[in-house]
Amino acid sequence: MTLKSLNFSLLVVAVETEDLSQLADELNKRRIMAPDFFQYAPVVVHVENDTANLDFLRIREIVTENGFILAGVSGELSDSQKEALHADKIAILRRSKRQASKEVVVEDKPAEVVPEEVAETATFIANEVKTKIVTGRVRSGQQIYAKECDLVINGDVSAGAEIIADGNIHIYGTLRGRAIAGAMGDQTASVFCRVLAPELVSIAGVFKLSEGLPHEHLGKSCIVSLRNGQPVIETLN
Amino acid sequence: MAKVIVVTSGKGGVGKTTSSAAIGTGLALSGAKTVVIDFDIGLRNLDLIMGCERRVVYDLINVINGEANLQQALVKDKRTPGLFILPASQTRNKDALTKEGVEKVITDLKADGFEYIICDSPAGIEQGAMMALYFADEAIVTTNPEVSSVRDSDRITGMLSSKSLRSEQQLSPVKVHLLITRYCPERVQREEMLSIEDIDDLLGIDLVGVIPESQEVLNASNMGEPVILNTDSDAGKAYQDAVDRLMGIERELRFVKFEKKGFLSRLFGA
Numbered sequence: 001m002t003l004k005s006l007n008f009s010l011l012v013v014a015v016e017t018e019d020l021s022q023l024a025d026e027l028n029k030r031r032i033m034a035p036d037f038f039q040y041a042p043v044v045v046h047v048e049n050d051t052a053n054l055d056f057l058r059i060r061e062i063v064t065e066n067g068f069i070l071a072g073v074s075g076e077l078s079d080s081q082k083e084a085l086h087a088d089k090i091a092i093l094r095r096s097k098r099q100a101s102k103e104v105v106v107e108d109k110p111a112e113v114v115p116e117e118v119a120e121t122a123t124f125i126a127n128e129v130k131t132k133i134v135t136g137r138v139r140s141g142q143q144i145y146a147k148e149c150d151l152v153i154n155g156d157v158s159a160g161a162e163i164i165a166d167g168n169i170h171i172y173g174t175l176r177g178r179a180i181a182g183a184m185g186d187q188t189a190s191v192f193c194r195v196l197a198p199e200l201v202s203i204a205g206v207f208k209l210s211e212g213l214p215h216e217h218l219g220k221s222c223i224v225s226l227r228n229g230q231p232v233i234e235t236l237n
Numbered sequence: 001m002a003k004v005i006v007v008t009s010g011k012g013g014v015g016k017t018t019s020s021a022a023i024g025t026g027l028a029l030s031g032a033k034t035v036v037i038d039f040d041i042g043l044r045n046l047d048l049i050m051g052c053e054r055r056v057v058y059d060l061i062n063v064i065n066g067e068a069n070l071q072q073a074l075v076k077d078k079r080t081p082g083l084f085i086l087p088a089s090q091t092r093n094k095d096a097l098t099k100e101g102v103e104k105v106i107t108d109l110k111a112d113g114f115e116y117i118i119c120d121s122p123a124g125i126e127q128g129a130m131m132a133l134y135f136a137d138e139a140i141v142t143t144n145p146e147v148s149s150v151r152d153s154d155r156i157t158g159m160l161s162s163k164s165l166r167s168e169q170q171l172s173p174v175k176v177h178l179l180i181t182r183y184c185p186e187r188v189q190r191e192e193m194l195s196i197e198d199i200d201d202l203l204g205i206d207l208v209g210v211i212p213e214s215q216e217v218l219n220a221s222n223m224g225e226p227v228i229l230n231t232d233s234d235a236g237k238a239y240q241d242a243v244d245r246l247m248g249i250e251r252e253l254r255f256v257k258f259e260k261k262g263f264l265s266r267l268f269g270a
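Protein chains in written order, with the UniProt record's numbering: chain E, 1 to 237; chain B, 1 to 270.
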């Protein structure tokens, strides 16, 4: 048995203020979208404010209450925040700085602080992984997840089925179930389908239920994407 | 080569047991040695539908637990030669069904020369239903022309392709047939009921039969006589067609179009 170092992709949720109700809302929203998928999913809380007096035990409670597991806390943390985390036995995660440290060596500026990166949730590069292709009908109760890539379904997606991709979703058939594109937060992801009749479509956590879908698009070939943070449905021609 | 056929649906009350009894009887009438196994442990019904409830001594769970051998538990049908029933236990619960136990029963039945082993599944997607479908070579998914029944059928069809022995061992997939029961062409025409086309669109499963809604089905159940034996009834004929199609004989769909009765036929009751 040896101790190894491996990389994992984790869900990250940002916390900006001491008011934790936003965190609860965000997690709850995700959970409602795909309860089975997010059940016991590890999640990292990214602290964006090093002066906030955060109650980490309460954060862990909120995460657990919503069915997730707190994998740890990341961000530029103050000493008091770090102490609190150690006391509560919560892991502090550091983002991989490989890229940054390489630059430091080349340019020979050892003392420079790495600039604070914008907390981005889409941490994968879609081209690295091949598109996942599923042939045949996805039936009620089945769940398909294309991790860090696009998903192509060559068939219908039944009501009660769930297809999830970190990238785009293409359906060469009727979408009656749930389609969740950009599951890791990629706002540029889209859902394409031959016949749109879904229970729910979601792009990067922003979702539309069948009730909220404009009638003129139902049963048509459509693209669903995000524009200014709002889901937009356009007819495919 | 013996075939294990599960009759399943997900939803309850759609006609699994009625269909198991009718199809089992039909297959036996063709000359094939057939057994119908009741997997609805704790809610034993098949024996009533087949009219052998007074001759049940041992059951499936007794056999699995080694308290009786297969020959003791099999109930021979009095009407149809070559037809046997393996009843469910009424006193145990579904957890008494083990994969190893069911496997042994099915292997023994095959060794005993049974050509068709019909597994009458309980409703739901729990242990009993999973055990009924696990060893299946073919499946008859029973559906009523109604949205919740169709969705449950969709779910169980998904399980057939992921939770069966054939899927686990990556053999050729379980062959799934769709059996629509309680179909009422008149109500379909009035758009009160899903049509065959609607169901096909939602499920995409090959159709093996459409059984029309019929008073004869209830009468047959009450009498403990599989409806297929009533060769005058539409439902009986439709089940016979379904059995023929299962055995690879082509049959036109009957009783699926609503024909408004004309004045004369109403007068003469034709």
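Since the hints were made in silico from the structure, they are not lab data.
Mixed in with the good hints, there may be bad ones.
[To be verified] Here are the simulated DMTMM-like pairs of lysine to aspartate or glutamate, each with C-alpha atoms no more than 25 Å apart in a straight line: (1) B:Lys175 - B:Glu216; (2) B:Lys110 - B:Glu100; (3) E:Lys147 - B:Glu197; (4) E:Lys220 - B:Glu197.
Hints versus structure:
1. B:Lys175 - B:Glu216: violated (30 Å)
2. B:Lys110 - B:Glu100: holds (15 Å)
3. E:Lys147 - B:Glu197: violated (36 Å)
4. E:Lys220 - B:Glu197: holds (19 Å)
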